[in-house]
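A.B. asks: Given next are the chains, with one letter for each unit.
There are 4 protein chains.
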Amino acid sequence: MRQEPVVGVVREPILDIAHLGHVEMLTPKPEESLRFFVDVLGMTESGRQGQSVYLRGWDDYERYSLKLTASRSSGLGHAAFRARSPQALQRRVAALEGSGRGIGWHEGELGHGPAYQCRDPDGHVIEIYYETEWFEAPQALRPALKNQAQRFPARGVNVRRLDHFNGLAVDIRANRIFFEDYLGFRLTEQIVLDDGTEAGMWMTCTNKSYDFAYTHDHTDTPGRFHHVTYALDSREEILRAADIFLENGVFIETGPHKHAVQQTFFLYVYEPGGNRVEVANAGARLVLAPDWKPIVWTEAERRKGQAWGLKTIESFHTHGTPPVAEASGTDAAQAAPRR
Amino acid sequence: MRQEPVVGVVREPILDIAHLGHVEMLTPKPEESLRFFVDVLGMTESGRQGQSVYLRGWDDYERYSLKLTASRSSGLGHAAFRARSPQALQRRVAALEGSGRGIGWHEGELGHGPAYQCRDPDGHVIEIYYETEWFEAPQALRPALKNQAQRFPARGVNVRRLDHFNGLAVDIRANRIFFEDYLGFRLTEQIVLDDGTEAGMWMTCTNKSYDFAYTHDHTDTPGRFHHVTYALDSREEILRAADIFLENGVFIETGPHKHAVQQTFFLYVYEPGGNRVEVANAGARLVLAPDWKPIVWTEAERRKGQAWGLKTIESFHTHGTPPVAEASGTDAAQAAPRR
Amino acid sequence: MRQEPVVGVVREPILDIAHLGHVEMLTPKPEESLRFFVDVLGMTESGRQGQSVYLRGWDDYERYSLKLTASRSSGLGHAAFRARSPQALQRRVAALEGSGRGIGWHEGELGHGPAYQCRDPDGHVIEIYYETEWFEAPQALRPALKNQAQRFPARGVNVRRLDHFNGLAVDIRANRIFFEDYLGFRLTEQIVLDDGTEAGMWMTCTNKSYDFAYTHDHTDTPGRFHHVTYALDSREEILRAADIFLENGVFIETGPHKHAVQQTFFLYVYEPGGNRVEVANAGARLVLAPDWKPIVWTEAERRKGQAWGLKTIESFHTHGTPPVAEASGTDAAQAAPRR
Amino acid sequence: MRQEPVVGVVREPILDIAHLGHVEMLTPKPEESLRFFVDVLGMTESGRQGQSVYLRGWDDYERYSLKLTASRSSGLGHAAFRARSPQALQRRVAALEGSGRGIGWHEGELGHGPAYQCRDPDGHVIEIYYETEWFEAPQALRPALKNQAQRFPARGVNVRRLDHFNGLAVDIRANRIFFEDYLGFRLTEQIVLDDGTEAGMWMTCTNKSYDFAYTHDHTDTPGRFHHVTYALDSREEILRAADIFLENGVFIETGPHKHAVQQTFFLYVYEPGGNRVEVANAGARLVLAPDWKPIVWTEAERRKGQAWGLKTIESFHTHGTPPVAEASGTDAAQAAPRR
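Chains A, B, C and D, in that order, are what the protein sequence lines are.
If you're matching positions, the first sequence starts at 1 in the working numbering and goes up one per residue.
If you're matching positions, the second sequence starts at 1 in the working numbering and goes up one per residue.
If you're matching positions, the third sequence starts at 1 in the working numbering and goes up one per residue.
If you're matching positions, the fourth sequence starts at 1 in the working numbering and goes up one per residue.
Isolated chain A (complex conformation) (with noise of 0.2 Å):
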């Protein structure tokens, strides 16, 4: 049936954000989980400063897309977004300052200018910015096509690009507003159990189904992170990646299989910091519809398992980093007096 005209009473969509810039992922154990990072997924190192060093798959334009810190314990360190002009910038963060959650700017990062930081409800930081540094590559990784960020490396998994982050939060809807309001994320999909409470939720910014996810944290710690996902050309890949993993005794905790959920074709691997991390297929799946309506999981249709009918593992709802037992006096745990 065709639709009534609704001109009028729509709202216009806030598009101030462009996408996922990079995720800062701490790591106790920096030396095997940079070794892991470079050797096995075959990322580039493109910087290094303090305990930070910076790494980027192929095809990321930025400077870099995952900032890793050795820290005492794993996790998230901050997830940063990038503004799609200095004027949305300055939107976002005049919104956020009202917000009650705002840190206050960041100076001096590498690769990047000005970041305003904040916390979202269940503590994790989340920081945007304009200013970026495009990546430019260095004689021996200069691509044969100019249309391409860097050469492809031909070494272990050669993940493509950053895709999305999942964090785990103990209030799902929460965060949910907070990064529909403030930020102007779309929710595309979501998990709402039997009594309503929301369960999980998958966001985006752009026109992937997905730019970050948050799922709820069985153990009730707040702040916590789930996985980093990078993004590979074909499901095939994600196969080769299997293999490669088992080769090089990195441990499988669930897949290749695909989700129900976004109809991901995922593979989860733990690396040596303890941090999950995902190689997805990027595929050809887009939002492409400005009013997308929300898909809403049931209790009983994620009672059926993945897509292919794999059941989804317990480690799944509860392993996050860093460990419960660590996660008091992180970054993320101060968030708790704020919220």
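Just so you know, these hints were derived from the structure itself, not from any lab.
Quick caveat: nothing in here was measured; it's all calculated off a predicted structure.
Glycine included, each C-beta is placed from N, C-alpha and C at the ideal position.
Treat the hints with care, since some could be wrong.
Unchecked claim - Computed beta-carbon distance windows for the label pairs:
{"#": "1", "chain 1": "C", "residue 1": "R35", "chain 2": "D", "residue 2": "T312", "range": "53 to 59 Å"}
{"#": "2", "chain 1": "A", "residue 1": "Q139", "chain 2": "B", "residue 2": "D39", "range": "50 to 56 Å"}
{"#": "3", "chain 1": "C", "residue 1": "I177", "chain 2": "D", "residue 2": "P138", "range": "35 to 41 Å"}
{"#": "4", "chain 1": "A", "residue 1": "A325", "chain 2": "D", "residue 2": "G47", "range": "42 to 48 Å"}
{"#": "5", "chain 1": "B", "residue 1": "L110", "chain 2": "D", "residue 2": "T312", "range": "45 to 51 Å"}
{"#": "6", "chain 1": "B", "residue 1": "P138", "chain 2": "A", "residue 2": "L141", "range": "47 to 53 Å"}
{"#": "7", "chain 1": "A", "residue 1": "E314", "chain 2": "D", "residue 2": "P138", "range": "35 to 41 Å"}
{"#": "8", "chain 1": "C", "residue 1": "S99", "chain 2": "B", "residue 2": "Q139", "range": "52 to 58 Å"}
{"#": "9", "chain 1": "B", "residue 1": "H106", "chain 2": "A", "residue 2": "E314", "range": "54 to 60 Å"}
{"#": "10", "chain 1": "C", "residue 1": "I177", "chain 2": "D", "residue 2": "P13", "range": "23 to 29 Å"}
{"#": "11", "chain 1": "C", "residue 1": "S99", "chain 2": "B", "residue 2": "A140", "range": "50 to 56 Å"}
{"#": "12", "chain 1": "C", "residue 1": "P138", "chain 2": "D", "residue 2": "P294", "range": "21 to 27 Å"}
{"#": "13", "chain 1": "B", "residue 1": "A137", "chain 2": "C", "residue 2": "R72", "range": "34 to 40 Å"}
Starting from the known structure of chain A, fit chains B, C and D onto it as the hints suggest.
C.D. replies: Leaving out everything else, chains B, C and D in the frame of chain A:
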């Protein structure tokens, strides 16, 4: 090196167009063309009206993405873009009305609301609309996963969704400026000859690296059509499509091979009506940078042929629809006076 | 290190069996089973006789590779191997007649000449034949390339050709020795429990790493069937098959995943009659060594699960056809006299 | 229709050759060639002796499959086939000694036992052996799965195993008869010109559709080499190989595309020494029929080009190694006496 702050000097982008919605293809052999799209490409018929049959890929969220219209010749009837909001539609119409290229509002099309039509400088009919009818799969076509528009057909090539269209144009530069200024498209790649003449342009309004392209018509005939492209998930599926085209006696013009421009993995065939159709991998290549700097290809670079060395065949620059001899008097040609 | 010369001490291999020719599957739901094999797996009906329908994959060179027979229960009717020459057939028959397991000659089967039937130690009916009818594609099924048996159907899963079958057996060792001594099959991999009991065997008469396998029936019921496997070209095609099974409501038992044994990329489903059917990648793995040394898997190694860590599900050791309750006195249990 | 019984009239096949074991490639640029095979193709060095470096793909079960020998020109040193048994080796040697083409026994080669050498009618040196050294992976190259020869390298193109070689010959028919009569190879496909001249032959001793091929040398120079082929698992991997060759500045002669003959999905490049190297999908296409009837391709059929319409390039019929100017008196031309 670090970029200088640019706050204030950057003009904010126009983000009013959401995506390419559908393409109307004219065919002098409606029955054969329909069989090609349904039996060989694996598309689904989702409507009929007058001389037109409406078709869709299994992942198109709107009712259709291809309007196949019986006509005395081949070519492009029109290309339609969906606006991001009712307000966005009004803004673009206001701009177009001041452009001298507006045609006016068009009502009563199957599957979408009021559309405003205009002609680009080369005479192609372009329309924009907002209200649309989401495809509701009948029982037999209902998918197993609720986040999918329609069940996977498992028939023929199984094209996923409309990806882009490519028009031929006499004056590329004039068209680029029109789409940038009045519709807010961004140029991602272009071909510029040694004398400064623009010979090809690839433009986007999404995170896809292009939603449409125009290349120079070596016959200098205005308003012609080069091809429409449907997306498949992987390069392997394009290879399988080639096997299927071969088995079905479909003429393969060139490919499968990889374009240097946009790195698209392509395969071009002619449908029975004479129009060129491409299947390509939607792939993982996205343009996420809001300030992407257009890639400029030179004559020397183009002479190298495609990415892996295949020479670009002559017909690629001359075969367009309608045939030159039939071009005069077509919808497209009627644009002439208006130009 | 260099091997010692072994001239004269090596017994020459028996090379009389060329390949697995076809499998007869019994089904209590002949119509539903037929629809599964034709519409979902993409096979082609190539004959009917009595209670049987004959089916083929597009790359099977003989008239058929699957004989689907209506029966009161499910299971394996018989498995047939083609001899390498008329003389080879005579030699094997002479050997079998001395084995005490011979049943006798069987004439008049559709598509092939005289076949000699016998029972393996577990009671499965095995037959060998030489004369065969090559498939001659009718006009509508004629391929574009003359070195292909039949055009690619582009329907459903598009299985390529019969790859192997897997039987359940109470005494694996006795069956291994029978197939080695009387038919000349070579063992490529096996599972041997800590107490020395053989629990699984994979045997070949070609360069494929196995043409059939037997695994231990945990219910200790003789003559049961585990699965038949059809080959696809790549792992990606098995993933697509999973999508198609999901869309068609076919029960997926386990997979897609990679076996440690033989490294087969597998996907198991149940056809409507209850028989397990596998689609797997024929892949590039070949056993070229004429003196291949069998790979022996221990209990500890099997406990690790499949290649990438997936646990082997319980039903894989217990679900066989016919169901245990229906096994006694089934066609499979003592078919020959009745046929 | 049903074939007539043929018992007694069929000559039993000779099954004494098990498979192609290795190829010796001559190169005037040994260091650059070695870097190509190790860094770009992803092969592993497994020995050195005199002017030769021995290389292997990760799935080759013998110590090596390529002997790369420094020489004043390029070309084929020799091709070696492994016999099926010691007795089979003796039978073939006895036959060759009666052929007038025998050279004699060759001892002391790295990795295998006594080999008997001969020249085919075109002058290529062919050797057969039985005793061989199985590759034993050092700790660093040990695979995770015990049924694999070596761990997957995850470097460059990752070629799996030697697949076949292709020689150029002046008189194809004479060579076909030689390989059929004295070594027992079976012809699976061939090209026969309108005047009856044989222009190409594809022969096998396994279930692969060919283990070597000879095509007519349009320069009428004897003993030249066309290419050696390494297998990859899927067509997608050949496409990725093309990306990697492009990044590494390797000259791509033609492909990726699909041959009509044998349906091989091919990609041809030149290694630094000038020899043509192919990577192709080992794929699922097997010749299982023991009485396969050779496919004969006519001039008219060949004029259609490759499977999907790509025209066969001229250099494919003329570029061989060594270059014609260097062919007379090369190692390849009269190697034996000197070795």
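A.B. asks: Does 34 to 40 Å hold as the CB distance between A137/B and R72/C, or does it fail?
C.D. replies: Once the Cβ atoms are compared, 39 Å apart, the range 34 to 40 Å for R72/C and A137/B holds.
A.B. asks: Taking the CB of I177/C and the CB of P13/D, does the distance hold inside 23 to 29 Å?
C.D. replies: Check passed, 27 Å falls within 23 to 29 Å.
A.B. asks: Take the C-beta atom of H106/B and the C-beta atom of E314/A, compute their distance, and say whether it sits inside 54 to 60 Å.
C.D. replies: Given a distance of about 56 Å, which is inside 54 to 60 Å, the answer is holds.
A.B. asks: Quick check: does the Cβ-Cβ distance between S99/C and Q139/B fall within 52 to 58 Å?
C.D. replies: Given range 52 to 58 Å: holds, Cβ gap about 56 Å.
A.B. asks: Against the range 45 to 51 Å, how does the distance between the Cβ atoms of L110/B and T312/D compare: consistent or not?
C.D. replies: Distance hint for L110/B, T312/D holds at roughly 48 Å.
A.B. asks: For the hint 53 to 59 Å, verify it against the beta carbon of R35/C and that of T312/D.
C.D. replies: At 44 Å between Cβs, range violated.
A.B. asks: Please check whether Q139/A and D39/B have a Cβ separation lying inside 50 to 56 Å.
C.D. replies: Between Q139/A and D39/B, where Cβ atoms are some 51 Å apart, the hint holds.
A.B. asks: Holds or violated: 35 to 41 Å for the Cβ distance of I177/C and P138/D?
C.D. replies: holds, 36 Å
A.B. asks: Mind checking the hinted window 21 to 27 Å against the Cβ distance between P138/C and P294/D?
C.D. replies: holds, 23 Å
A.B. asks: Between E314/A and P138/D, does the beta-carbon spacing fit 35 to 41 Å?
C.D. replies: Check passed, 39 Å falls within 35 to 41 Å.
A.B. asks: Please test the hint of 50 to 56 Å on the beta carbon pair from S99/C and A140/B.
C.D. replies: The hint (50 to 56 Å, Cβ to Cβ) holds, given that S99/C and A140/B are roughly 54 Å apart.
A.B. asks: Could one say that the CB atoms of P138/B and L141/A fall in the range 47 to 53 Å?
C.D. replies: holds, 52 Å
The structure shown violates the earlier hints numbered 1 and 4.
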